[in-house]
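The primary structure of each chain is shown beneath.
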Amino acid sequence: MIHAQALTKRYGAKTAVDDIDFTVKPGQVTGFLGPNGAGKSTTMRMIVGLDRPTHGGVTVNGKKYAEHKAPLHEVGALLDAKAIHTGRSAYNHLLAMGATHGIGKARVNEVIGLTGLESVAGKRVGGFSLGMGQRLGIAAALLGDPATLILDEPVNGLDPEGVMWVRRLARSLAAEGRTVFLSSHLMSEMALTADHLIVLGRGRVIADAAVADILAASTRTAVHVRSPRADQLAQLLQGPKISITTTEQYSLTVTGLSAETISDTAAGAGIPLHELTTVGASLEEAYMDLTKDDVEYHAGTTTTEGAIL
Amino acid sequence: MSATTAVYTAPSAIGLTAAGLIRSEWIKLRTVRSTIWSFAIVIVASVTLAIGLSSSASDVARTIEEQAAEALWVATFGVYIGQLVMAVLGVLVISGEYGTGMIRSTLTAVPKRTPALAAKAVVLFVASFIVGAIATFAASLISVPILAERGVDVQFDGAFISRLLLASLYLALTSVFALGIGTILRSSAGALSAVLGVVLLLPFLVFQLEFAKADWLRALPPYLFSNAGAGMYTGGVFEQWQFFLIVVAWTAVSLGLGALLLKRRDA
Chain C
1 MIHAQALTKR YGAKTAVDDI DFTVKPGQVT GFLGPNGAGK STTMRMIVGL DRPTHGGVTV
61 NGKKYAEHKA PLHEVGALLD AKAIHTGRSA YNHLLAMGAT HGIGKARVNE VIGLTGLESV
121 AGKRVGGFSL GMGQRLGIAA ALLGDPATLI LDEPVNGLDP EGVMWVRRLA RSLAAEGRTV
181 FLSSHLMSEM ALTADHLIVL GRGRVIADAA VADILAASTR TAVHVRSPRA DQLAQLLQGP
241 KISITTTEQY SLTVTGLSAE TISDTAAGAG IPLHELTTVG ASLEEAYMDL TKDDVEYHAG
301 TTTTEGAIL
Chain Z
310 MSATTAVYTA PSAIGLTAAG LIRSEWIKLR TVRSTIWSFA IVIVASVTLA IGLSSSASDV
370 ARTIEEQAAE ALWVATFGVY IGQLVMAVLG VLVISGEYGT GMIRSTLTAV PKRTPALAAK
430 AVVLFVASFI VGAIATFAAS LISVPILAER GVDVQFDGAF ISRLLLASLY LALTSVFALG
490 IGTILRSSAG ALSAVLGVVL LLPFLVFQLE FAKADWLRAL PPYLFSNAGA GMYTGGVFEQ
550 WQFFLIVVAW TAVSLGLGAL LLKRRDA
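Chains as they are written, first to last, in the numbering used here: chain C, 1 to 309; chain Z, 310 to 576.
Check each hint, because a few of them may be wrong.
[As the list claims (entries may be wrong)] Computed Cβ-Cβ distance ranges for the label pairs, DEER-style: (1) C:Glu110 - Z:Gly506: 40 to 50 angstroms; (2) C:Asn109 - Z:Val557: 37 to 47 angstroms; (3) C:Gly57 - Z:Leu554: 41 to 51 angstroms; (4) Z:Phe547 - C:Lys123: 48 to 58 angstroms.
These aren't lab readings, by the way, just hints derived from the structure by calculation.
Predicted model, so just to flag it, every value in this text is computed and none were measured.
We put the beta carbon where it would ideally sit given N, CA and C, even for glycine.
Construct all of the structure, not just a fragment, from the sequences and the given hints.
So this is what it looks like as C-alpha cells:
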C-alpha cells in the first residue's frame, strides 16, 4: 500500500509534481502512466526517499520509507536500470545490496535464477546490455521479497520474451497480494498488465481509475452500426453527448452509447441490424484523450491520429 | 479486486544492522578493481622505494639517533606516494557510486543515508590502515639487511614501531578525508582535484608564500593536512599527538560536511 498526500516537488520555479493524492492498493497491478516529464519518475523517487518532497508526503504501508527497519523487505524498487556500479559483477552487486539486510548468498542465487541471469552473473555490469541491466535491476528489487514493488519502465530494453516475462511476473506478484506499481510509456503494455491506472500529466493526476473504466469513459469509444434503416435508427439514438456520423450508406458510427443500448433501441423499433461492432477504443487513444492538454513536449504539429507516442 | 484477496506481508527479517552495512561496504570495496590496484600500488611503491633508498644510503658513521632517523626515512618514504593513492581511492569509493548511479541503489537500501557513509568510512579506514601497516612494515623489514651493510642498525623498538603505525594511521585518515571530499563534491574529477590540491599543492603554495611578512602565513604550514600528516610520524614543531589531532580535525570536517550534504540533498 502506497499512499501519497499533497505530494509536491518543485525544482526552482518548475513544478515537477503538483500537489497529488493517490493510493496504490495491494493485490493488483497499478499502472503509472503519463507523457515524458509528467513527473512519474520523480514521484517514484520520492516514494523511496531519494528525492525529498517540497511539500506533502508519501507513506509505504503506513510509514515513511526511511522509517522502516528493513526497507528492502518493504519495497523493492527498480528506478533506473543502471543504478549499479559498472565495475562490479552482477552477483557481487546483489550480494552487497543484500548484505545490508542480512540477505545471504542463497537468496542472491535465487533472484539470479528468477531473472535468468545465471550465465552473466559473474560478469562486470559495465558490459551488460540494457535488457540485462533491467533484469539485474528487477533481481535487486526482488532481493528482499518485498511487499511492495515499484518498477519504473521495467520493460524498457527487454526483448519480446522479456516483456512477456515482466508481465507475468507483475501479475503473479500482485496475485500473491503484493502492491505492484509500475510505470510505462507503452499504453498497450498497460492494457495487458495493469488492473488500475493512475495517469499523470504535468505533475497532476488526471485519471485514477480501473483500466476498464478509463476505456469506457473515453469519448472515442465508438459503435459501428450497419442497418438498412440506418437513417431511422439515427433519429432514435439522438441525444445529448451522443454523436452520430454517417460514413457510408446504411452505416453509422455512434459514440456515447453502448452497443447494448443501441441494440435494445433497434429491437424496440423493429429495426434490423446487419452489423453492430464496438470499435475498441484502444487504451492508447483513451490516454491521448486524457493527456492531450497536458503533454509537456509536443512533437510539432504533424501528429496525426493514432500516432505512436 | 475482491475483498478476500490476501495481502502479502513481508517476511520478518533482520533488517538494517551496523554489521550488515559494514559487510555490504566491505563487499563493495573488495569487488572493484580500483581498490585492488590502489592497495597494490601502495605496498609495491613503499617496498620499492625502501629498497632503492636503502641501497643508495651512504656508509658514513652515524649516531644512534641518526641511524633511527635513516631507518624511519627509508620505511616511510613510500607514504608520500601512498597518501596520493589513498586520496584517489577514498574519492573513488563514493564518486564511483555517483558516477555510475550506484548511489541510488545504496541509498534505497539505506534510506537514512548517514549510516551508509559511516560504514564506508569504517571499512575504508580499517582496510587502508592494514594496507598502510603492511606497506611500511614490509618496507622497513626489507631494508634491514641492506641498511645493515651501510652501518645502520634498524631497531624495532616501541618508538620505531609506533612511528610506523602512525604513518599507517595517516594513510588511513587520508583515505577517509578524501571520502568526505568525494561525498561533498560527488564528481570524480572535481573531488580528485580538490583532494590532490589540499594534499600536494597547498603545502607548496604556502611554502612559496612563507617569505611574506604576515606572521599567520608563516605559522600556517604545520596545520596543513599533509604537513601535519608527516608530523604524525616524524615529529616537528608540535608533539606527534598534536599533529594527529590536526589531521583528525581535517578529516572530521570533511566527513561531517559530506554527511550533512548527503542527508540533505536529493540523490
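Structure-based check of each hint:
1. C:Glu110 - Z:Gly506: 40 to 50 angstroms: holds, 47 angstroms
2. C:Asn109 - Z:Val557: 37 to 47 angstroms: holds, 43 angstroms
3. C:Gly57 - Z:Leu554: 41 to 51 angstroms: holds, 43 angstroms
4. Z:Phe547 - C:Lys123: 48 to 58 angstroms: About 51 angstroms separates the Cβ atoms of Phe547 (chain Z) and Lys123 (chain C), which means 48 to 58 angstroms holds.
In terms of the numbered hints stated before, the structure departs from none.
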